[in-house]
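Trainee: Single-letter residue listing:
Protein chains: 2
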Amino acid sequence: MKKVAIGIDIGGTNSAIGIVDEVGTVLTRGNIPTDRHSDINLYIDDLAAEIERIIASTDVELDIQGIGLGAPNGNYYNGTIEFAPNLRWKGVVELTKLLSERFNYPVIKLTNDANAAALGESIYGCAKGLKNYIMITLGTGLGSGVVINGDLVYGHDGFAGELGHVCVENGGRECGCGRLGCLETYCSATGLVRTAYELLGKSNKPSVLREVVNTEKLTSKLIYKYAIEGDALANECFRFTAEKLGKALADFTTFSSPEAFILFGGLANAGDLLIKPTKEYMEANMLEIFKNKVAIKPSELPGADAAVLGASSLVWKELSK
Amino acid sequence: MKKVAIGIDIGGTNSAIGIVDEVGTVLTRGNIPTDRHSDINLYIDDLAAEIERIIASTDVELDIQGIGLGAPNGNYYNGTIEFAPNLRWKGVVELTKLLSERFNYPVIKLTNDANAAALGESIYGCAKGLKNYIMITLGTGLGSGVVINGDLVYGHDGFAGELGHVCVENGGRECGCGRLGCLETYCSATGLVRTAYELLGKSNKPSVLREVVNTEKLTSKLIYKYAIEGDALANECFRFTAEKLGKALADFTTFSSPEAFILFGGLANAGDLLIKPTKEYMEANMLEIFKNKVAIKPSELPGADAAVLGASSLVWKELSK
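Order-wise, the sequence lines are chains A and B.
Counting in the numbering used here, the first sequence runs from 69 upward without gaps.
Counting in the numbering used here, the second sequence runs from 69 upward without gaps.
I should point out that these hints are in silico values taken from the structure, not numbers from a laboratory.
Using N, Cα and C, we set each Cβ at its ideal position, and we do this for glycine too.
All the given hints hold, so there is nothing to weed out.
Pairwise CB distance ranges (calculated):
hint	chain 1	residue 1	chain 2	residue 2	range
1	B	D107	A	G218	33 to 43 Å
2	A	E162	B	E266	45 to 55 Å
3	B	R278	A	T287	53 to 63 Å
Throw the hints in and build the complete structure from the sequences for me.
Mentor: Okay, here's the thing in structure tokens:
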């Protein structure tokens, strides 16, 4: 019998499922569309069937400890998804309650995806042994999970850790949340593209991006490609992003004085193009008492399985309490 | 025998001492200058003598549980004051160690003054029963103490909770810390005076402040007095301060999702002139998911004894662990 946890990452279009052992090996994987049904019960039917299918598909005898779920606006305390703008189910969805009616595991727990990733890092990744750190996920938006004294900060209502929506520029860029100047409008894959547009408008520097933008969709990946190839304007996009992010990380440090920030997601993979200058800007803007104390590390969760690993780690965390 | 804690608040010029019972009654008080000796041992001599004196001065039989100390740059983990810019002792001062050599109490603990105030509020004040709140002290500067799940956040190094030094205006006002745009350059007694100077320069509005500034030192108290009397420019000083503070509190909410902010200090006593508009600006800038969930309350610690009460509460907190 192998002790395992089921990790489920619920995204806007797709739900990924993995059966994960205690050291982070994904034994088997599954997948269903998230957006097929507007009725949550039909989605749960699909999800339960897929879980049963992948359990049956393995040769290993499984000792299933529970299910951990990561979902947008996932509330840890209530086990609910609440008013998630990018999901079809409106209002409050009692996700863990519905799953508990299908599965009789000791643990069925939910949180948001960035919180799940933060936990995953402490169990399988580069935050092993760290008690105070902040996970920053740089995807389409910017997500975060704050860990203090070894525990995730959920706040009084279960929704703490929305650092993508800290204002970093008064009257700055319009954010999807309806406010202006949120960190994620600058520091995210879409933020990087917006920076490129701004610089194309503002500067007269020659840049391959000027041609690219006329023939194909400008993406963070393309900006990365041309930055690596030496395009000055593409490089300036990363420098600007690093400046905004580094300054924000210096500000976040005043709150909980973490020993490390862990960066995850597409942009974090840009490595020295982003992490090195971010560290420099963070130190340059750091309050004296915190200087040279805080590391910035890239995530060590394997990209393709990261979300499922993060979700599964909720189970191990719960059992260790 | 009455169970009591000794609270000591070490300020730049003065150290206040109080013997406090479990419900926050200060049985007796003492006082010594902080800045008489550059040798910390001589200061400890004075402090120990004053403690002995006030113990001897009460008729009540005391069961002393310990000493709690609040001091600038006080480090909870190490019991040290580290590099405090406004104290004569340079470098790292091993305060609790030195006191432990003089007094044989079960608890001798130190933190910074804003953290002590936050704890005091939970034991004697308006945070009783609150598990997640943030204390904001509005004095010469802006101090803060962050409480999550009932515990103060000290961070990995013992210095967490320096929210006065979050940047709220890129390239903004010069701060004593050497950086630009820190929250405390706007939201503090000195910040209010700076706002008045800026408005006197910027606006042509008639204001009694224009005459006052030529004949006496402009203080936050004077600005408050004239605001209450209806002076438009003095009122605008408070509105501007509330805007900066309210926006910052909305940002802080994204971090730990507290159920309340507690405001303490001279400016907080301005009451509706500050707290009401701060609440309005906070809500106007709040991320949707946190709207109408977070209270702003004035401190309920009695002003004159607040610092000593805060310091003493460290002892009760430690004993309750």
